[in-house]
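S.K.: Following the hints, position chain B against chain A.
Protein sequence lines correspond, in order, to chains A and B. Here this note's numbering is used: the first residue of the first sequence is -8, the next is one more, and so on. Here this note's numbering is used: the first residue of the second sequence is 13, the next is one more, and so on.
Misleading hints may appear alongside valid ones.
What the hints assert, rightly or not - Capping the alpha-carbon separation at 20 Å, the derived lysine to any residue pairs in SDA-like fashion look like this:
| hint | chain 1 | residue 1 | chain 2 | residue 2 |
| --- | --- | --- | --- | --- |
| 1 | A | K106 | B | R138 |
| 2 | B | K80 | A | N27 |
| 3 | A | K29 | B | V79 |
| 4 | A | K29 | A | I84 |
| 5 | A | K106 | A | F117 |
| 6 | A | K106 | A | V81 |
| 7 | A | K106 | B | T144 |
| 8 | A | K106 | B | F19 |
| 9 | B | K80 | B | S122 |
| 10 | A | K(-3) | B | L147 |
| 11 | A | K106 | B | L40 |
| 12 | A | K29 | B | V60 |
| 13 | A | K29 | B | V78 |
| 14 | A | K106 | B | R135 |
| 15 | B | K55 | B | A88 |
| 16 | A | K106 | B | K80 |
| 17 | A | K37 | A | A87 |
| 18 | B | K55 | B | R65 |
| 19 | A | K106 | B | E62 |
| 20 | A | K29 | B | K80 |
| 21 | B | K80 | A | P26 |
| 22 | A | K29 | B | E62 |
| 23 | A | K37 | A | T80 |
| 24 | A | K37 | A | S98 |
| 25 | A | K106 | B | M141 |
| 26 | A | K106 | B | I131 |
These are calculated hints, taken from the structure and not from any lab test. Bear in mind that the values here come from a model prediction, so they are computed numbers and not experimental data.
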Amino acid sequence: MLDLDKHFAVHAAALRLSAQRSEVIARNLANADTPNYKAADFDFRKALDNALGSGGLGMSDAGALRTTQRLHIGGASGSDPLSGIPLTTVNRIPLAPALDGNTVDVSLEQAEFAKNSIRYQASLNFLNSQMRGLMTAITGQ
Amino acid sequence: MSSFRIFDIAGSGVAAQNVRLNTVASNLANSSSVSSTPEGTYKARFPVFEAVRGEINGQETGAAVVVKEVIESGRAPNSRYEPSNPLADANGFVYTPDISTVEQITDMVSASRSYQNNIEVMRTARDLMMATFRLGQG
Chain A
-8 MLDLDKHFAV HAAALRLSAQ RSEVIARNLA NADTPNYKAA DFDFRKALDN ALGSGGLGMS
52 DAGALRTTQR LHIGGASGSD PLSGIPLTTV NRIPLAPALD GNTVDVSLEQ AEFAKNSIRY
112 QASLNFLNSQ MRGLMTAITG Q
Chain B
13 MSSFRIFDIA GSGVAAQNVR LNTVASNLAN SSSVSSTPEG TYKARFPVFE AVRGEINGQE
73 TGAAVVVKEV IESGRAPNSR YEPSNPLADA NGFVYTPDIS TVEQITDMVS ASRSYQNNIE
133 VMRTARDLMM ATFRLGQG
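Next comes chain A alone, as it looks inside the complex (with noise of 0.2 Å):
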């Protein structure tokens, strides 16, 4: 049977990422003028092979519930990609830091937060495909 969870997995993962990346990246430019504010990002490949599991692409069950018992209820396989996922910013090694201690390049945190749109976009129509395909296959038309 199909897993729906596991069908929506990497784009809802990525989905989900890319907002909360949006967010930090929203941050450093809200904050492009406070003296002593250090420019954070998140590495997001390691992010999302985090909110996979340990499989990677979450294909693996390791994370899954083990069910011993025939009325035990099973986890979803796979780990959830819409839990929490433990996010560790890091901070940007700047180009050149202003005087006052700042670390925001405001042209290069714009460049991230149009990239990151993109893939948010991105993400969304992958998801958008799947859900028609899902649908057509329902529908049988």
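M.R.: Below, chain B without anything else, positioned relative to chain A:
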């Protein structure tokens, strides 16, 4: 775009830059205000920004920016000999604040750029959110 936090963050940036624009306007408007004592002279005002970190369950939820305080410039005022001025002191001097117009204008440009950045972040977040609401509708 979880729980609209991005709007809070960008909104705090807009609010902070707005305070900065206000202080610039106030400084420029008062750059030739005269006074009869050095102490009574208008003092240029500058906002001090600070990042406020929020945390829920040990996970950082974003740092908004707030105006920590508005400080007054410590620069000594300029004195000008103008005995005909009704505000002149016993020796015929009036005092004007030492405000550099160039400094204020660059500050204004910087503030308006940051303001626009934050607005742009909100606009993008809104567009993405609207796209998310339409998820699965084709």
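S.K.: Confirm or reject each hint.
M.R.: Cross-check of the supplied hints:
1. A:K106 to B:R138: Satisfied, since the Cα-Cα distance of roughly 16 Å is no more than 20 Å.
2. B:K80 to A:N27: holds, 13 Å
3. A:K29 to B:V79: Given pair K29 (chain A), V79 (chain B) holds - Cα atoms ~17 Å apart, limit 20 Å.
4. A:K29 to A:I84: holds, 9 Å
5. A:K106 to A:F117: holds, 17 Å
6. A:K106 to A:V81: holds, 19 Å
7. A:K106 to B:T144: holds, 17 Å
8. A:K106 to B:F19: holds, 19 Å
9. B:K80 to B:S122: holds, 19 Å
10. A:K(-3) to B:L147: Answer holds: K(-3) (chain A) to L147 (chain B) is near 18 Å, not above 20 Å.
11. A:K106 to B:L40: Given that 20 Å is the threshold and the Cα spacing comes to 39 Å, the pair is violated.
12. A:K29 to B:V60: holds, 16 Å
13. A:K29 to B:V78: holds, 16 Å
14. A:K106 to B:R135: holds, 15 Å
15. B:K55 to B:A88: holds, 9 Å
16. A:K106 to B:K80: violated, 32 Å
17. A:K37 to A:A87: Measuring from Cα to Cα gives roughly 27 Å; hence the hint is violated.
18. B:K55 to B:R65: violated, 31 Å
19. A:K106 to B:E62: With a Cα-Cα distance of about 27 Å, the restraint between K106 (chain A) and E62 (chain B) is violated, given a limit of 20 Å.
20. A:K29 to B:K80: holds, 17 Å
21. B:K80 to A:P26: Holds. K80 (chain B) to P26 (chain A) sits at ~11 Å (cutoff 20 Å).
22. A:K29 to B:E62: holds, 12 Å
23. A:K37 to A:T80: holds, 11 Å
24. A:K37 to A:S98: Violated. K37 (chain A) to S98 (chain A) sits at ~25 Å, over the 20 Å cutoff.
25. A:K106 to B:M141: holds, 16 Å
26. A:K106 to B:I131: Distance of about 17 Å is within 20 Å: holds.
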